[in-house]
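One line per chain: the protein sequences are A and B, in this order. If you count the first sequence from 1, position 184 lands on 184 in this note's numbering, and the numbers rise without skipping. If you count the second sequence from 1, position 109 lands on 109 in this note's numbering, and the numbers rise without skipping.
Treat each hint with caution, since some may be false.
As the list claims (entries may be wrong) - Computed cross-link-like contacts, DSSO-like style, restricted to lysine-lysine with a CA-CA straight-line distance of at most 27 Å:
(1) 163/A with 174/A
(2) 174/A with 156/A
(3) 160/B with 328/A
(4) 274/A with 80/B
(5) 54/B with 251/A
(6) 274/A with 48/B
(7) 167/A with 5/A
(8) 90/B with 54/B
(9) 176/B with 343/A
(10) 81/B with 274/A
(11) 90/B with 176/B
(12) 160/B with 5/A
(13) 54/B with 274/A
(14) 48/B with 5/A
(15) 48/B with 81/B
(16) 375/A with 167/A
(17) 48/B with 267/A
(18) 54/B with 267/A
Bear in mind the hints are in silico, worked out from the structure with no lab data behind them.
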Amino acid sequence: MNILKFITAGSVDDGKSTLIGRLLFDSKAVSHDILHTLERQSRNKNAGELDLSLLTDGLRAEREQGITIDVAYKYFNTSKRKFIIADAPGHVQYTRNMVTGASNADLAIILVDARQGIVEQTHRHSLIAALMGIPHILVAVNKMDLVGYDEQVFYKIALDYQKLAQKLGLQEVKIIPISAVVGDNVVHRSNHTPWYTGETLLQHLETVEISHDLPEDQARFQVQYVIRPGHDDYHDYRGYAGALRSGFFRKGDRVRVLPSGIETTLKAIEVHQKEVAEAFAPQPVVLHLADDIDVSRGDSLIRVEDAQPVVSQDIELEICWMSDRPLKVGDRYLLRHNAAHTKAVVKEIYHRVDVHSFEPHAIDAIQLNDIARIKLRTARPLVFDAYRQNRASGGLILINETTFDTVAAGMLRELPREEPATTEFDI
Amino acid sequence: MSRSFDYLDHLEAQAIHILREVAGQFERPALLFSGGKDSITLVRLAEKAFRPGKFPFPLVHVDTGHNFPEVLAYRDQLAKKLGEQLIVRKVEDTIKRQGLTDGSGKFPTRNALQTYTLLELIEEFEFDACIGGARRDEEKARAKERIFSIRDEFGAWDPKRQRPELWDTYNGAIRKGENVRVFPISNWTELDVWQYIRREQIELPDIYFSHSRNCVVMPGGQLLAVTPHIRLDSEDITAVRNVRFRTVGDATCTAAVESRASTIEDIIQDILTTKISERGATRLDDRLSEAAMEDRKKNGYF
Numbered sequence: 001m002n003i004l005k006f007i008t009a010g011s012v013d014d015g016k017s018t019l020i021g022r023l024l025f026d027s028k029a030v031s032h033d034i035l036h037t038l039e040r041q042s043r044n045k046n047a048g049e050l051d052l053s054l055l056t057d058g059l060r061a062e063r064e065q066g067i068t069i070d071v072a073y074k075y076f077n078t079s080k081r082k083f084i085i086a087d088a089p090g091h092v093q094y095t096r097n098m099v100t101g102a103s104n105a106d107l108a109i110i111l112v113d114a115r116q117g118i119v120e121q122t123h124r125h126s127l128i129a130a131l132m133g134i135p136h137i138l139v140a141v142n143k144m145d146l147v148g149y150d151e152q153v154f155y156k157i158a159l160d161y162q163k164l165a166q167k168l169g170l171q172e173v174k175i176i177p178i179s180a181v182v183g184d185n186v187v188h189r190s191n192h193t194p195w196y197t198g199e200t201l202l203q204h205l206e207t208v209e210i211s212h213d214l215p216e217d218q219a220r221f222q223v224q225y226v227i228r229p230g231h232d233d234y235h236d237y238r239g240y241a242g243a244l245r246s247g248f249f250r251k252g253d254r255v256r257v258l259p260s261g262i263e264t265t266l267k268a269i270e271v272h273q274k275e276v277a278e279a280f281a282p283q284p285v286v287l288h289l290a291d292d293i294d295v296s297r298g299d300s301l302i303r304v305e306d307a308q309p310v311v312s313q314d315i316e317l318e319i320c321w322m323s324d325r326p327l328k329v330g331d332r333y334l335l336r337h338n339a340a341h342t343k344a345v346v347k348e349i350y351h352r353v354d355v356h357s358f359e360p361h362a363i364d365a366i367q368l369n370d371i372a373r374i375k376l377r378t379a380r381p382l383v384f385d386a387y388r389q390n391r392a393s394g395g396l397i398l399i400n401e402t403t404f405d406t407v408a409a410g411m412l413r414e415l416p417r418e419e420p421a422t423t424e425f426d427i
Numbered sequence: 001m002s003r004s005f006d007y008l009d010h011l012e013a014q015a016i017h018i019l020r021e022v023a024g025q026f027e028r029p030a031l032l033f034s035g036g037k038d039s040i041t042l043v044r045l046a047e048k049a050f051r052p053g054k055f056p057f058p059l060v061h062v063d064t065g066h067n068f069p070e071v072l073a074y075r076d077q078l079a080k081k082l083g084e085q086l087i088v089r090k091v092e093d094t095i096k097r098q099g100l101t102d103g104s105g106k107f108p109t110r111n112a113l114q115t116y117t118l119l120e121l122i123e124e125f126e127f128d129a130c131i132g133g134a135r136r137d138e139e140k141a142r143a144k145e146r147i148f149s150i151r152d153e154f155g156a157w158d159p160k161r162q163r164p165e166l167w168d169t170y171n172g173a174i175r176k177g178e179n180v181r182v183f184p185i186s187n188w189t190e191l192d193v194w195q196y197i198r199r200e201q202i203e204l205p206d207i208y209f210s211h212s213r214n215c216v217v218m219p220g221g222q223l224l225a226v227t228p229h230i231r232l233d234s235e236d237i238t239a240v241r242n243v244r245f246r247t248v249g250d251a252t253c254t255a256a257v258e259s260r261a262s263t264i265e266d267i268i269q270d271i272l273t274t275k276i277s278e279r280g281a282t283r284l285d286d287r288l289s290e291a292a293m294e295d296r297k298k299n300g301y302f
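Same shape as in the complex, but just chain B:
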């Protein structure tokens, strides 16, 4: 019998191990599901970790109200197919309830406001662990985060107070009010995720593949989908382009990239030859300052 075990097998084994540790160590975990490829990958890993049993956690979606409709349709269909519980809470409702100021301007982002809804969710359901699809290769502040990342009652991450994380022994013990963010695919790169999706033949929302879409051409050359959530002015240039999305987030701050990649194979080739990082290409919110992500995480952001 062959005992070949390649790097995707290693990454998969590590992620399954982490998911099972969450199930073993926590009372009320949740899987944060955005409809993006990383959380879709997490769902596949959860199937491998827990089937034929049910998931020991619900899928939780923080709905910014700025989603692409394709992603919401995919989300509902997936939850139904899996037969797992899906909990959705809207940022809109949090804004009303807490009297928050909604994003404004031409491209009003609710990216930072998601944090408030997430913290409300954690309180409402008393979640002690939230599993997320963040990866260390995404951003420099992420690169320093543990796989079990302890957050205080405000959801804040303190890089100086991180617990040492040894071998594959995870310490999920927390005090009342604290919770843990768990990142099972920390060690995966964007390319690893795509190669895994190819290997596992995982279905994705259509917006990941090349399609023709009406976009605003931003001054920096980035393409932003024309949606009801942004305000167009007369001087804006719009154009129909063949695009796909590399990440799926708030539609007002997630840019599309020009691409003719219509299969997973094409996308992998695209990534192999591309020269721009995933966040650099698509996230308008990280450009605000060099420490943008670090600041958001300290405020309880995912």
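Extracted from the complex, chain A is given alone in its bound form:
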């Protein structure tokens, strides 16, 4: 059994919480006591039937206002898969939450209200899904009950979305007509839509192939922590602990330490204190090197024979800006790229992307929720791959220097390589 992590995105009142409630309820993931609480709350709020959206609106402030404030994580499983749902609110001002949920998602459910069709929020959510490199998109055309289960309405929306998906270069899109309130085509197939013979929403979630989209030929490892026991039994023990971010390593491999560029050999690989011949992403490992060289937290180990990462202090990236304070040329930020940590200064703002037309627009300052392309200069060289090629080594965050808040998600772009990495940063 494996895990599918998915995110749900939709506008206010698209019925997102109801859909999740329906999934949990129909797949019998709701326990009796929670159901009782739900019944009581449904009565408190308005006389009527069970309000499934109350299953996910966790905070009192949310219940009072009938909205969702923050990403909520929910868990359920069927006999086929374990599911982790990141429920991201639909309000414009909470785009950052969708980005948060999207960063770890294998799949995005984008909700469209059948009565409204594709709206600005659909564009925004799809753009973010594309930007964050979510491999699978499921468009749930919801509230089909309110348009009389009209086939034409559904196909019109499907056609419109197809155009949008092509424009954004989305990798894989599935479109399903549903009603979360009634339960049509969510877990159970609906009698109301005889013209739809495809999978139900849950069937799709259960069977969609989670292409392990991490590249096999890019062995990437970053040191998180150096293990030095210091007692006599392990006198010379010096292990580099971290997770394999992509690819695989074998004992005896020639490896390069970056950004220093020094080469050495992998003397041993440990997984849970047992020596192994090979380790693969995303296993946590402890690596041992043949030579006594200077390696510390944040340094990368790369297999010499693999495709090499970019090593550079000048980086171009797409960002989603998450702060009220605008970003301008000359601003300084802390930068965290997995375990690597450095400072960065904004050298250039190329453009922001219009969330409706997806066209670039020149701007001077980047505002909250903007998606933009910028150039940074970092204090230390970063070792990375383009996000589009490798989600595990192409993402970074920017941090405000004084509040320490996370202010941007950054997706690195490939730079033209002028010099080989090994010569550029030799000590």
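Following the hints, complete the assembly by docking chain B onto the known chain A.
Using the frame of chain A, we list chain B on its own:
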């Protein structure tokens, strides 16, 4: 070579990654150890993350004084076996020192009072990160909390000021006075924890398994262990039942469930067929209001 990696491997890898980030990013972290199955799981994960080295943090226990003796014995034995530092601070002492009002009534809980001791501990040892075994599936307010959860100097959680958490890149940068609560098993469910315990053959305190115990039968049908910490009246009904505990906490507010499950395998079967959530079955304190946990967390509760 087989590259099979199932969902427990994924959850484990994520937790180890998080623990190593704590070690890499903080000066003085601590692992909050309650003796419950979730913190016991954390200890196993810490062994996987840092052995053969020592843990880069001590184990810290906030002792409510209302613990089950089996759990305290387990705690001391485990710390000894691990060869790691164990720090214990008692809620009792905090109550005296700060002139707090102890829980009262028939079932005096110190659940909320733990917060004061925890904040004292953080101040005394200048802990900048406290690792805990909370899971998002436990409760609705937990479901919204980040893995690195920033708390202000009063330990308070502000759901509206949470930092976005992207990929597996964790931002542990804090200002003076702030600290971070870190939840490496956020994405695990109760069942995942039990399946991991089974796979790893982790030993647990006996009270997790079926045993015969004298209990108060509460009006709602819940079973509360008869301990010196509660006050029995003549109208209370007590009965000896075969019970086990699903969670281990303050003995005055953690109910037992009737069960004949005597092995981990039995417990997993129990959970698969049970219809009541973990907190619903066992926590009397969350019933007080629908926002009980949310309120406690805003006050600095774990």
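A quick look at each hint next to the structure:
{"no.": "1", "hint": "163/A with 174/A", "result": "13 Å, holds"}
{"no.": "2", "hint": "174/A with 156/A", "result": "15 Å, holds"}
{"no.": "3", "hint": "160/B with 328/A", "result": "25 Å, holds"}
{"no.": "4", "hint": "274/A with 80/B", "result": "24 Å, holds"}
{"no.": "5", "hint": "54/B with 251/A", "result": "25 Å, holds"}
{"no.": "6", "hint": "274/A with 48/B", "result": "10 Å, holds"}
{"no.": "7", "hint": "167/A with 5/A", "result": "25 Å, holds"}
{"no.": "8", "hint": "90/B with 54/B", "result": "26 Å, holds"}
{"no.": "9", "hint": "176/B with 343/A", "result": "20 Å, holds"}
{"no.": "10", "hint": "81/B with 274/A", "result": "20 Å, holds"}
{"no.": "11", "hint": "90/B with 176/B", "result": "26 Å, holds"}
{"no.": "12", "hint": "160/B with 5/A", "result": "24 Å, holds"}
{"no.": "13", "hint": "54/B with 274/A", "result": "17 Å, holds"}
{"no.": "14", "hint": "48/B with 5/A", "result": "25 Å, holds"}
{"no.": "15", "hint": "48/B with 81/B", "result": "15 Å, holds"}
{"no.": "16", "hint": "375/A with 167/A", "result": "24 Å, holds"}
{"no.": "17", "hint": "48/B with 267/A", "result": "20 Å, holds"}
{"no.": "18", "hint": "54/B with 267/A", "result": "23 Å, holds"}
Hint compliance for this structure: no hint is broken.
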